[in-house]
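Those sequence lines, one after another, are chains A and B. Under the numbering used here, the first residue of the first sequence carries the number 38, and numbering increases by one thereafter. Under the numbering used here, the first residue of the second sequence carries the number 38, and numbering increases by one thereafter.
The set of hints was computed from the structure by calculation and includes no laboratory data. In this text, all values refer to a predicted model and were calculated from it rather than measured experimentally. It is possible that some hints are incorrect.
Unchecked claim - In silico negatives: residues of chain A with every beta carbon more than 12 Å from chain B:
| id | residue |
| --- | --- |
| 1 | Asn49 |
| 2 | Glu62 |
| 3 | Gln161 |
| 4 | Tyr358 |
| 5 | Met375 |
| 6 | Glu424 |
| 7 | Lys438 |
| 8 | Gly538 |
| 9 | Phe571 |
| 10 | Leu576 |
| 11 | Val674 |
As the list claims (entries may be wrong) - Below are the DMTMM-like pairs computed for lysine to aspartate or glutamate, each with C-alpha atoms no more than 25 Å apart in a straight line:
| id | chain 1 | residue 1 | chain 2 | residue 2 |
| --- | --- | --- | --- | --- |
| 12 | A | Lys275 | A | Glu231 |
| 13 | A | Lys92 | B | Asp458 |
| 14 | B | Lys111 | A | Glu589 |
| 15 | A | Lys71 | A | Glu255 |
| 16 | B | Lys236 | A | Glu140 |
| 17 | A | Lys92 | B | Glu627 |
| 18 | A | Lys575 | A | Glu669 |
In this text, a Cβ means the ideal position worked out from N, Cα and C, and glycines have one as well.
Number of protein chains: 2
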Amino acid sequence: MKDFERNVYLSNVELEEAKKMFFNEINDVISNLKTKNISVYDSLDRITSEPVFAKISSPFFNASAMDGIGVKSKETYGADERTPKKLILKEDFNYIDTGDVIEEPYDAVVMIEDVIPIDEESVQIIKAVSPWQHVRPMGEDIVASEMILPAYHKITPVDIGALLSGGIVEIEVLERPRVGILATGTELIEPDDEIKPGKIIDSNSRMFEAMVKSYGGEPNRYRPIPDNYNLIRDMILKAAQENDIVVINAGSSAGMEDYTSKIISEIGKLILHGVAIKPGKPAILGKVNNKPVVGIPGYPVSAYIVFEAFVKPIIYKYQKYKDARKQSVEAVLSKRIMSSLKHLEFVRMKLGKVNGRLIATPLNRGAGVTMSLVKADGITKIPKNLEGIEAGQSVEVELLKDLDSINNTIVSIGSHDIIMDILANMLHVKHPDINLSSAHVGSMGGIMAVKRGEAHIAPIHLLDGETGSYNTEYVKKYLRNIKVSLIKGVKRLQGLMVKRGNPKNINSIEDLIREDIVFVNRQKGSGTRILLDFKLNKLGIDTASIRGYEREMTTHMTVASAVLSETAHVGLGIKSSAKAMGLDFIPIGEEEYDFIIPSEFMNDERIKGFIEILKSDEFSNKLKELGGYVIEEAGKVVDI
Amino acid sequence: MKDFERNVYLSNVELEEAKKMFFNEINDVISNLKTKNISVYDSLDRITSEPVFAKISSPFFNASAMDGIGVKSKETYGADERTPKKLILKEDFNYIDTGDVIEEPYDAVVMIEDVIPIDEESVQIIKAVSPWQHVRPMGEDIVASEMILPAYHKITPVDIGALLSGGIVEIEVLERPRVGILATGTELIEPDDEIKPGKIIDSNSRMFEAMVKSYGGEPNRYRPIPDNYNLIRDMILKAAQENDIVVINAGSSAGMEDYTSKIISEIGKLILHGVAIKPGKPAILGKVNNKPVVGIPGYPVSAYIVFEAFVKPIIYKYQKYKDARKQSVEAVLSKRIMSSLKHLEFVRMKLGKVNGRLIATPLNRGAGVTMSLVKADGITKIPKNLEGIEAGQSVEVELLKDLDSINNTIVSIGSHDIIMDILANMLHVKHPDINLSSAHVGSMGGIMAVKRGEAHIAPIHLLDGETGSYNTEYVKKYLRNIKVSLIKGVKRLQGLMVKRGNPKNINSIEDLIREDIVFVNRQKGSGTRILLDFKLNKLGIDTASIRGYEREMTTHMTVASAVLSETAHVGLGIKSSAKAMGLDFIPIGEEEYDFIIPSEFMNDERIKGFIEILKSDEFSNKLKELGGYVIEEAGKVVDI
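Throw the hints in and build the complete structure from the sequences for me.
Right, dumping it as structure tokens:
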């Protein structure tokens, strides 16, 4: 199937220009509204296609506004507490509840509080009423023929009540635009199929389904199509018949399987292939059977960005929604970002409020890293004409999450350990208001973040080469001018992680210099790296003699993953990570994983909650289950 | 069925205290979570009940990050543009697309841009690569056993993508709390039944259904129950078996049909009957079969307020949602509000941004006026200890609508005419971004609003008694210090509205003094009232001789409705209103209904859009269809 023709040349049109080109072509099509008659009961969140006028008045009759007695107002004149008037049941009055009809001969209501029962047949009243007093006139709420809702209005629960009161049972609404979702790629499998190397779970099309639903459209997903020109062409034609919008996932990069743009040129109109955004450059914009067609790159983050940029506005326009801008906030950038002059870049950001300042930390920028979107609190756009932004500068962040919950988030920056996930989860379960977000930048990175006032907590495990002690010396040296507390965490086993069965027979640090061994390292500044370098130094081993010493990973789990996938034979890491990935583990030492917390936060309710969890039996039991940890004085505060 | 026992004494516990009493009783119950295993495909917006850990890594293998060729990195060393290296297909390299597996013997990828094809069998490369360059390592996105989502997290489209990539197909989520909805009242009918005096369309329970859905619960509505003690008791028992929460609508005031609180005392625990809020005082809080039970008053606005205060927080707690506060804004009050010291009052507000200031205008405060909620942009709470708030003071408004759309709203304050609805609708259809909101306070009220800088537009029809001319004299007199434009609107017929067939044989203004005639008036300051008083004055008629002269309505339609429902024989109003209500109409004059617009707004895009609609054929045709209007120079600007 593969041929030699390769589309390496994509256009690099700027985003706003690309949108203009696209919408100029499709605006006529998407202004053609289809409508539908539905029951008012099912109309929540639907959009009216025309104004709705009341068929009947509400109330439909003159109704009592009070509980009391219906009277002829003239007969009540003169009644007061000193000179009550006696009235006879059925002759002068009738008992009446709120909402009951007021009709001839009665024209007013005396409140029950002003009625003194005498016997079953008669009462005294101690207040006079004027005509129509305490009566809700017919049409007080809704007058027949009054406009209840205008056209293009999104129906709320209250609207449903008003429509029904106005006698409206069925209502004309805009049809939800139907979005045909095609995924292409011979490598795609459904999530319940068995996964094998070379296969990819088709998750994007399910993300699109959910996005379409969120934005008010109706998703129509087709089964994934193998990379076959004719099959793909036929499916695009079919989808363009059956839907209002067609999205085609993958097959949009310049790779061998890139049929999409060719097919669109053949059976419709190709408007553009290539937009100056990152991620998302290989986006394809076109029209088939007079329907908008968007080709979306396969990387999940690219897929999300391109869907947001081009598909969401179409779904919105079909429903006459305003393409509401997301709420934006200003935040201080915690880490320099370099960017290219070739494109507008969308950087996912973690936000946290520390010392009253919103701090934005960039997440992994890889187009393939879905988790960067899962974890993101917002997105910063770096304009094409900027080469980067320095740490400490202010950036604009478009929010993806609620600002309230961001403000309630404990910001942890520092070393990585699985226990941070466990603590985050236990904390959130106990206090659903509180979130704990962890950025993994290594222990020294955590100390620097505390120094810059950008973190509430820094988890560290830093060995002092001279004293052989953990953490306190570093705090004294680097955080002299800040009052901080050191909170004891856990002791954990560090060791060499190797494939199950230890096929290379690795037994100690000394084995790392063997010619047949490839090592995978951690990044500079991480506690694990410092431990390694300390051990190597003590043994007098030259780092240049270790193959793979230069290859750096940022977490224990990615090191373990490299060993599992055999891109390295061995790496240094903690026992729980080795266990999680089914690796063998050769212990080389115990270290202390503690938390630095600026003292000013020690009375913060969120931090108190965090320390409480650290001290809990639940946490301690969970660590026993995991293995590789020793809990002795977790939660103990050491003032330095 | 009715008996003489009447519960006129409700407690008057403050809202926060009532909430505390209620939630103290039910907190244990609603902390008992039920969970459910569902497909990830259907998990949008559901809440995780436990943390979710990845089953497999993503990518599941070392994958190419680029389109290009897979190579052995060692063999590429030294290649550059001047000294390219030749590689042989299948021996030294393989063609590879983004996402393809990288496996032995290959350990890196050369980008296609750096590959020069020689023939079908061989290529030259112009760049060297290091080991694992351009390769996405296994687990780059998600490492097996990594936590993808914490417990109590609301699932987004992006989360669905990440879950599937991590091999998760089914997920444990919190059950949606099931809310049993009971409506009681012999007077209730379903909306498609025939409406008769004394009957009320059961619209509240449908509003509740939609509210439950909006808040993430599962509504379970039962058919309305007649006012029968045993029937109601049995249904509450049944509903408390079948649901997590029970709401009972109506039957909660102190009226004859008030069984609810008695029944709850009998079969469960009555916690409270009566809360110091308005509307909503007769709320009932209780527990049956250990399930929270809320009795909700029948007036639609009371029903909404009580549901929001007591039922929504239960639905939220069941789902571990934060009871997020609504966004609040500060606004300038345009009209004095008087309130009582007996309760916390919820006042519905219309908001608009005029001259950069948000202006809040209170809407109808009746508990029965659903339309006040439909039209409201927000709610201001007037504390129990305040007797009222003066115009010009700043108030806090909790938003019910999007601030963006409020900022885009043209604020019209002044006289009422059906054409305001028509203009609002045509404008919104043409420019979905723009809304027109009309407050009906009469012509003089509109002039005063313009004077205070609180309106963009004031529709007026004010007859000058001396010159006999319309509008210009008033502008000159009252708006001397403000530069305004007068935009011509329509001429419209004013006349006497009487029941079809004119049973009282009313032919002119002079008939109003007849002893057998009851009149219904408009409020002071309205153009119609000024016209009436002008005519009466000319005829030398004493207003004291007109029965009903003191009874004031604020719109043409409510006057028409009073005539239709026979609480008056005749009222003065416009022809279109008479026609809409099926009344006969005796013309007494033509008047000019025009618009005042401060000149500073004349270049505002929204105002331009408004004037454009005024001038359109579509508008003029619509008025011809309605009848009673003459269009001559609509949209013409008259500088004064």
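Against the structure, the hints:
Annotated as non-interface, Asn49 of chain A keeps its C-beta farther than 12 Å from every C-beta of chain B; the closest such distance is 14 Å. The beta carbon of Glu62 of chain A is kept farther than 12 Å from every beta carbon of chain B, the shortest such distance being approximately 21 Å. Remark: the non-interface label on Gln161 of chain A is consistent with the geometry, its nearest Cβ contact in chain B lying 15 Å away (cut-off 12 Å). Not every Cβ of chain B is farther than 12 Å from the Cβ of Tyr358 of chain A; the closest lies at roughly 8 Å, contradicting the non-interface assignment.
Met375 of chain A, annotated as away from the interface, keeps every beta carbon of chain B farther than 12 Å; the closest lies near 18 Å. Every CB of chain B is more than 12 Å from the CB of Glu424 of chain A (nearest about 22 Å), matching its label as outside the interface. Interface exclusion of Lys438 of chain A from chain B breaks down, the closest Cβ pair being 9 Å apart, not more than 12 Å. Annotated as non-interface, Gly538 of chain A keeps its C-beta farther than 12 Å from every C-beta of chain B; the closest such distance is 19 Å.
Taking the minimum C-beta to C-beta distance to chain B, about 26 Å, the non-interface status of Phe571 of chain A holds against the 12 Å cut. Non-interface call for Leu576 of chain A relative to chain B: holds, since the shortest CB-CB distance, roughly 25 Å, exceeds 12 Å. Even its closest Cβ contact with chain B, about 26 Å, leaves Val674 of chain A beyond 12 Å, as expected for a residue assigned away from the interface. Only pairs whose Cα atoms come within 25 Å are accepted, and Lys275 of chain A paired with Glu231 of chain A is rejected, the gap being roughly 29 Å.
For the proposed pair Lys92 of chain A and Asp458 of chain B, the alpha carbon gap of about 16 Å is at most 25 Å, so the pair holds. Under the criterion of a C-alpha separation no larger than 25 Å, the hint pairing Lys111 of chain B with Glu589 of chain A is consistent with the structure, at around 19 Å. Note on Lys71 of chain A and Glu255 of chain A: the hinted pairing holds, with a Cα-Cα distance of about 14 Å set against a maximum of 25 Å. Simply put, Lys236 of chain B and Glu140 of chain A have alpha-carbon atoms about 14 Å apart, close enough for the 25 Å limit, and the pair holds.
A threshold of 25 Å between alpha carbons decides the hint, and for Lys92 of chain A with Glu627 of chain B the separation of about 29 Å lies outside it, so the pair is violated. Between Lys575 of chain A and Glu669 of chain A the alpha-carbon distance is near 28 Å, which puts this suggested pair outside the 25 Å criterion.
The structure does not agree with the numbered hints 4, 7, 12, 17 and 18 stated previously, though it agrees with the rest.
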